[in-house]
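J.: Sequence:
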Amino acid sequence: MEIDRRELKRQAREAIRVSRPSFWVVTLVYLLMTTGVSTLAGLLVPAPDTGNISLPALFLSILLSLYSTVVGFGFTLWSMWTSRKLSPGLGALADGFSVALLVIMTSILIFLHTLAWSLLCIPVVWLVLIPVFLSPGLSFLVIPVLIAGIMIFSYWVSLRYALAYYLLADHPDYGAFAAVRRSVELTRGWKWEMFKLAFSFIGWELLDLLLYSLALLLVLVQGGFFQSLSLEHYGDAYMVYQIILSYPRSALLLLLASIPVKLWLYPYRSVTMAGFYDARLRLQREGSVEMPPL
Numbered sequence: 000m001e002i003d004r005r006e007l008k009r010q011a012r013e014a015i016r017v018s019r020p021s022f023w024v025v026t027l028v029y030l031l032m033t034t035g036v037s038t039l040a041g042l043l044v045p046a047p048d049t050g051n052i053s054l055p056a057l058f059l060s061i062l063l064s065l066y067s068t069v070v071g072f073g074f075t076l077w078s079m080w081t082s083r084k085l086s087p088g089l090g091a092l093a094d095g096f097s098v099a100l101l102v103i104m105t106s107i108l109i110f111l112h113t114l115a116w117s118l119l120c121i122p123v124v125w126l127v128l129i130p131v132f133l134s135p136g137l138s139f140l141v142i143p144v145l146i147a148g149i150m151i152f153s154y155w156v157s158l159r160y161a162l163a164y165y166l167l168a169d170h171p172d173y174g175a176f177a178a179v180r181r182s183v184e185l186t187r188g189w190k191w192e193m194f195k196l197a198f199s200f201i202g203w204e205l206l207d208l209l210l211y212s213l214a215l216l217l218v219l220v221q222g223g224f225f226q227s228l229s230l231e232h233y234g235d236a237y238m239v240y241q242i243i244l245s246y247p248r249s250a251l252l253l254l255l256a257s258i259p260v261k262l263w264l265y266p267y268r269s270v271t272m273a274g275f276y277d278a279r280l281r282l283q284r285e286g287s288v289e290m291p292p293l
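Numbering (numbering that gives the first Met the number 0), first residue to last: 0 to 293.
Note that these hints are calculated values from the structure, not bench results. This one's a predicted model, so the numbers in the text were calculated from it and none came from an experiment. Hints are all accurate, no fakes.
Derived lysine-lysine pairs resembling DSSO-like cross-links, with alpha carbons at most 27 Å apart: (1) LYS84 - LYS195; (2) LYS261 - LYS190; (3) LYS84 - LYS261; (4) LYS261 - LYS195; (5) LYS195 - LYS8; (6) LYS190 - LYS8.
Label-pair restraints from in silico Cβ distances: (7) ARG281 - PRO247: 46 to 54 Å; (8) LEU63 - GLU1: 34 to 42 Å; (9) LEU63 - LEU89: 17 to 25 Å; (10) ARG12 - PHE139: 40 to 48 Å; (11) PHE132 - ARG281: 49 to 57 Å; (12) GLN226 - LYS84: 51 to 59 Å; (13) PRO130 - ARG281: 45 to 53 Å; (14) ILE129 - ASP172: 46 to 54 Å; (15) ASP172 - SER199: 31 to 39 Å.
No residue lacks a Cβ here, since even glycine has one placed at the ideal position from N, Cα and C.
Using the sequences plus the hints, can you model the full thing?
T.: Following this line, the structure appears as C-alpha cells:
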C-alpha cells in the first residue's frame with residue numbers, strides 16, 4: 000500500500016474548510032499568540048545597540064521559545080483533531096499548557112538527539128575540508144557542496160522526529176522518550192515520502208517569502224538603510240538595520256505582510272501532515288511493508 004499525497008491534501012482542504020470556528024480564525028489566534036507576542040516582546044525589550052546579548056534579552060528569548068513550542072503543540076492538537084473531523088475549536092491552542100512539561104521535555108530531547116547527530120558529523124566535515132587546506136583553490140567547489148550536504152543531512156535528521164508531537168498528542172501517557180523513539184520508528188524508510196509531501200507546499204512558501212521580502216525591502220528603503228551602506232557609514236549599517244526594524248510601524252508591516260498566505264498555508268500544511276501521521280499508523284496496523292513505494 001502507499002500514501003497518496005494528493006488525496007491527503009484533498010482531505011486536508013476538505014477538513015479545514017468545514018472546521019468550526021473557521022481555520023483562518025484559529026490560525027490568526029495562533030499567529031497572534033506566537034509571532035505577535037514575540038514581536039511585541041521585541042519592541043518592549045529591544046536588543047542592545049552594541050550588538051551584545053543582554054541577560055534579560057536572553058532570558059526572554061528562551062522563555063518565548065518555550066512558550067511558542069507549547070502553543071505550537073496546541074496547534075498540532077488542533078490540526079490532528081481537525082484532520083479527524085472532531086471539531087476541536089479554539090480551546091485546542093491552549094490545551095498544550097496542560098502537558099507543557101512533556102512538550103518541553105520532548106523539544107529538549109529532539110534538540111539533544113539532533114545535536115548528537117551533528118557532533119557525529121564533525122569528523123566527516125574535517126575530512127572534507129582537508130583538500131581545501133591543502134589546495135585553497137578547491138574551496139569554491141568544496142565549500143558549497145559541503146554546505147549543501149550539511150543542509151540535506153540536517154533536514155534528514157529533523158524528519159526523524161517530525162511525528163513526535165503527533166505521537167505525544169495521541170498518547171501523552173507514553174511520555175517524551177517514547178514519543179521520540181516511536182517517531183524514529185514510524186519515519187524509518189518514509190523520509191523521502193515525507194520530503195515530497197513537504198516540498199509540495201513550496202509554491203505557497205515561496206509566495207510567503209516573497210511578500211515578506213517585499214515588505215522588508217519597503218521598510219528598509221523608507222528607513223534609509225541603503226543610504227547607510229555608503230562608504231563612510233558602512234560600519235553603522237547593522238545598527239541602522241536594527242533601529243529600523245525596532246520601529247513599531249516596521250514591525251507591524253512585517254507582521255502583516257504575509258499573513259494572508261500564512262492563514263491558509265499553516266493549517267493546510269499542518270492538517271495534511273496530521274493526515275500523513277494517521278495514514279502511517281494505519282499502514283503499520285495493517286502490517287504493510289515498511290518500505291514506501293518507489
